[in-house]
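With these hints in hand, go ahead and build the complete structure from the sequences.
There are 2 protein chains.
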Amino acid sequence: MDILMGVGRAGLKTGGKPDILVVHLPKTCTASFLFTKNHFKSASILYSQSVFNGRVRAMVINSGNANCGVGKDGLLHAELMAKKVAERLEVDEDEVLVFSTGVIGKPMPIESILSAIDSACSLLEPLDLKRASEAISTTDSFPKYDFLKRDRLEVFGFAKGAGMIHPNMGTMLAFVFTNAEIGHNIIERLHRDVNERTFNSISVDGCQSTNDAFGLISLGLYRDDIQKVSDALEDVSISLAKKIVQDGEGATRVIKSVVKNASIQLKARLIAQAIATSNLVKTAIFGRDPNWGRIVASAGSTPFPIDQFRLKLYIGNHLVYDGKVHPRAVEGARKYLEESQEVEITLDLMEGKESWTYYASDLTYDYIRINAEYTT
Amino acid sequence: MDILMGVGRAGLKTGGKPDILVVHLPKTCTASFLFTKNHFKSASILYSQSVFNGRVRAMVINSGNANCGVGKDGLLHAELMAKKVAERLEVDEDEVLVFSTGVIGKPMPIESILSAIDSACSLLEPLDLKRASEAISTTDSFPKYDFLKRDRLEVFGFAKGAGMIHPNMGTMLAFVFTNAEIGHNIIERLHRDVNERTFNSISVDGCQSTNDAFGLISLGLYRDDIQKVSDALEDVSISLAKKIVQDGEGATRVIKSVVKNASIQLKARLIAQAIATSNLVKTAIFGRDPNWGRIVASAGSTPFPIDQFRLKLYIGNHLVYDGKVHPRAVEGARKYLEESQEVEITLDLMEGKESWTYYASDLTYDYIRINAEYTT
Chain A
130 MDILMGVGRA
140 GLKTGGKPDI
150 LVVHLPKTCT
160 ASFLFTKNHF
170 KSASILYSQS
180 VFNGRVRAMV
190 INSGNANCGV
200 GKDGLLHAEL
210 MAKKVAERLE
220 VDEDEVLVFS
230 TGVIGKPMPI
240 ESILSAIDSA
250 CSLLEPLDLK
260 RASEAISTTD
270 SFPKYDFLKR
280 DRLEVFGFAK
290 GAGMIHPNMG
300 TMLAFVFTNA
310 EIGHNIIERL
320 HRDVNERTFN
330 SISVDGCQST
340 NDAFGLISLG
350 LYRDDIQKVS
360 DALEDVSISL
370 AKKIVQDGEG
380 ATRVIKSVVK
390 NASIQLKARL
400 IAQAIATSNL
410 VKTAIFGRDP
420 NWGRIVASAG
430 STPFPIDQFR
440 LKLYIGNHLV
450 YDGKVHPRAV
460 EGARKYLEES
470 QEVEITLDLM
480 EGKESWTYYA
490 SDLTYDYIRI
500 NAEYTT
Chain B
130 MDILMGVGRA
140 GLKTGGKPDI
150 LVVHLPKTCT
160 ASFLFTKNHF
170 KSASILYSQS
180 VFNGRVRAMV
190 INSGNANCGV
200 GKDGLLHAEL
210 MAKKVAERLE
220 VDEDEVLVFS
230 TGVIGKPMPI
240 ESILSAIDSA
250 CSLLEPLDLK
260 RASEAISTTD
270 SFPKYDFLKR
280 DRLEVFGFAK
290 GAGMIHPNMG
300 TMLAFVFTNA
310 EIGHNIIERL
320 HRDVNERTFN
330 SISVDGCQST
340 NDAFGLISLG
350 LYRDDIQKVS
360 DALEDVSISL
370 AKKIVQDGEG
380 ATRVIKSVVK
390 NASIQLKARL
400 IAQAIATSNL
410 VKTAIFGRDP
420 NWGRIVASAG
430 STPFPIDQFR
440 LKLYIGNHLV
450 YDGKVHPRAV
460 EGARKYLEES
470 QEVEITLDLM
480 EGKESWTYYA
490 SDLTYDYIRI
500 NAEYTT
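Chains A and B supply the protein sequences, listed in that same order. All residue numbers for the first sequence refer to this note's numbering, where the first residue is 130 and numbers rise by one. All residue numbers for the second sequence refer to this note's numbering, where the first residue is 130 and numbers rise by one.
Hints are computed from structural coordinates only; laboratory data are not their basis. Among the hints, a few may not be true.
The list cannot tell twin chains apart, which means a pair is met if one copy fits it or any two copies do.
[Claimed, not checked] Here are the simulated DSS-like pairs of lysine-lysine, each with C-alpha atoms no more than 27 Å apart in a straight line:
| # | residue 1 | residue 2 |
| --- | --- | --- |
| 1 | Lys357 | Lys389 |
| 2 | Lys389 | Lys156 |
| 3 | Lys201 | Lys441 |
| 4 | Lys201 | Lys453 |
| 5 | Lys385 | Lys166 |
| 6 | Lys453 | Lys212 |
| 7 | Lys441 | Lys453 |
| 8 | Lys278 | Lys235 |
| 9 | Lys464 | Lys235 |
| 10 | Lys482 | Lys166 |
| 11 | Lys156 | Lys278 |
| 12 | Lys166 | Lys371 |
| 13 | Lys441 | Lys166 |
| 14 | Lys389 | Lys235 |
| 15 | Lys166 | Lys235 |
| 16 | Lys357 | Lys278 |
| 17 | Lys357 | Lys453 |
| 18 | Lys357 | Lys146 |
Quick look at the structure:
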């Protein structure tokens with residue numbers, strides 16, 4: 130009951146690295162897929178959305194070309210990729226999903242891609258998470274994968290992503306598998322729930338991609354407690370999501386923005402997001418500057434009122450502001466920022482019981498360099 | 130019937146530059162003030178909001194200190210500033226408004242400030258727009274003011290702002306005056322309307338300030354056609370707003386984002402804003418890269434659906450995409466980006482009659498330098 134994979138080379142990436150990944154599941158699996166909410170969607174996303182009906186047997190992913198903004202040819206090309214996989218693996222065509230990631234607006238060299246899929250299908254081997262992540266990577270600087278085993282329960286996955294990272298889908302590609310059974314009646318709800326707290330709670334640049342997808346695939350080999358399965362899925366998903374932030378274009382720090390004791394969860398979430406995605410906060414963290422003024426200013430910018438004379442703001446463990454500033458704590462926070470790879474900012478609203486955590490990368494010279502010099 | 134001004138030096142800015150501005154109106158004027166929607170407001174904003182009742186006789190503005198995040202002392206300090214001006218100019222205390230701009234979280238040296246207000250009030254002279262703008266500037270690299278005369282109608286104003294610039298108030302200080310009469314029953318509606326299309330349609334970094342205010346003051350010297358007055362107010366306001374974007378921290382280009390032929394105005398506005406505020410679009414413009422893929426991806430990221438096979442995207446006059454890409458136009462657009470200080474991006478949705486224009490600066494190494502090195 131192994132998951133198999135094969136890689137191919139269609140010349141979409143420089144240096145002849147693998148740019149085609151085919152994943153062959155041992156049987157038709159119950160699955161849930163969340164696709165980008167961007168209205169300018171990749172043709173591959175449009176194709177997969179239209180054929181997916183809760184079951185999957187195989188997936189084909191190309192990196193180096195987004196199959197997006199290329200007119201209606203893109204839809205035909207996605208269909209041809211699915212047909213080729215279905216034919217070679219002898220599976221139903223509507224159980225094959227297609228994903229693409231890379232540059233927007235370049236026509237797909239479909240003949241090379243189909244021939245690379247051919248090679249990939251003829252050299253199948255057991256799924257190697259690291260190699261799978263590498264095959265779908267673009268500007269990533271390291272592969273993103275994780276594996277977790279709790280008693281009999283196994284959850285594992287791989288992902289890619291470093292830019293155009295912002296919620297409304299995690300803005301990347303991620304595939305998470307479990308050997309446990311998750312019923313088709315609950316898999317989508319459970320998946321959405323995990324997604325909100327993981328891939329939808331990260332940001333690199335606030336820019337939403339055209340090609341995102343996050344798949345959850347249940348191999349259904351045995352039954353386990355659903356809460357235990359859900360917890361493990363969340364753990365693997367947040368691990369993958371954090372790797373994406375850590376590899377955010379030009380990033381030198383991961384910012385963990387925590388809002389505690391809010392009256393309602395949406396308020397905690399929007400404020401945590403406002404802090405983590407503020408360009409001024411992100412540049413301050415890059416400058417190792419405990420600029421708490423920018424943090425509270427971003428916290429005040431959501432539609433939700435905050436009480437500036439009551440809230441408490443911590444940078445690391447340093448209480449820098451609680452209605453008034455604590456200069457000695459600010460100096461402690463400066464040292465903390467210099468020394469910590471992951472920077473935790475905690476805003477305690479002192480008004481309720483709801484909390485949310487949001488992850489983002491800092492904003493650096495290298496982010497500008499990468500994105501000002503990346504040519505169309 | 131001159132508007133008078135006086136400047137003072139309280140040592141809030143380095144180099145001994147004026148950091149106190151007092152404006153003395155020749156009579157009590159009908160006025161409208163729009164304040165930042167940020168919930169972490171400057172004490173000066175809280176004070177002015179609480180006393181303002183549609184009439185103004187004098188204003189005092191300090192630069193170099195935001196009077197924000199300093200506890201309840203801030204409210205007392207704002208009140209003391211108003212009291213001092215009222216006493217010296219012999220005007221009603223509740224017709225004096227107080228504004229502050231500068232660093233968040235530093236206590237105000239109130240004695241120096243009151244004594245600088247004293248000096249300012251004893252050396253009044255006719256309003257000089259350039260000097261007024263300079264006195265309220267912080268990180269600005271040039272003063273922002275404009276004057277317009279149409280027949281008997283005069284509209285003029287001054288402003289400051291270069292960072293923490295994003296809608297929900299223009300995120301800056303701006304004061305616009307007219308000699309024409311605007312009734313107290315319509316001034317606020319007219320003001321909000323002008324504000325939406327001007328200061329609320331600009332962005333430097335997507336970060337909303339704690340200290341914004343935009344005042345509209347009618348000297349009421351004669352009556353004129355209200356549409357003519359409104360048009361002139363919009364012209365002066367957009368001129369000031371564009372100067373703020375042009376002086377955006379680290380900016381090398383002004384991005385003018387136009388969405389045309391949308392079904393409803395809100396859709397045109399949100400899409401124009403999404404394009405202009407996308408970090409990926411802003412870095413591409415800095416890199417003189419006609420990366421139309423990023424533009425359409427940002428256009429697709431709002432809640433409004435768009436038809437990717439029907440819309441037309443122009444960079445300058447170059448039609449780069451209309452369901453498919455036009456490589457020769459992309460090369461033309463590259464040249465256009467290299468040569469133009471103001472870069473116009475036009476997205477024609479081909480579905481209705483509504484349009485919106487939004488201005489933003491590009492995102493550059495200097496933005497990072499300024500904001501990573503600006504210390505608390």
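* To do: State the violated hints by number, sorted upward, taking the hints as numbered earlier in the document.
  => 2, 8, 17, 18
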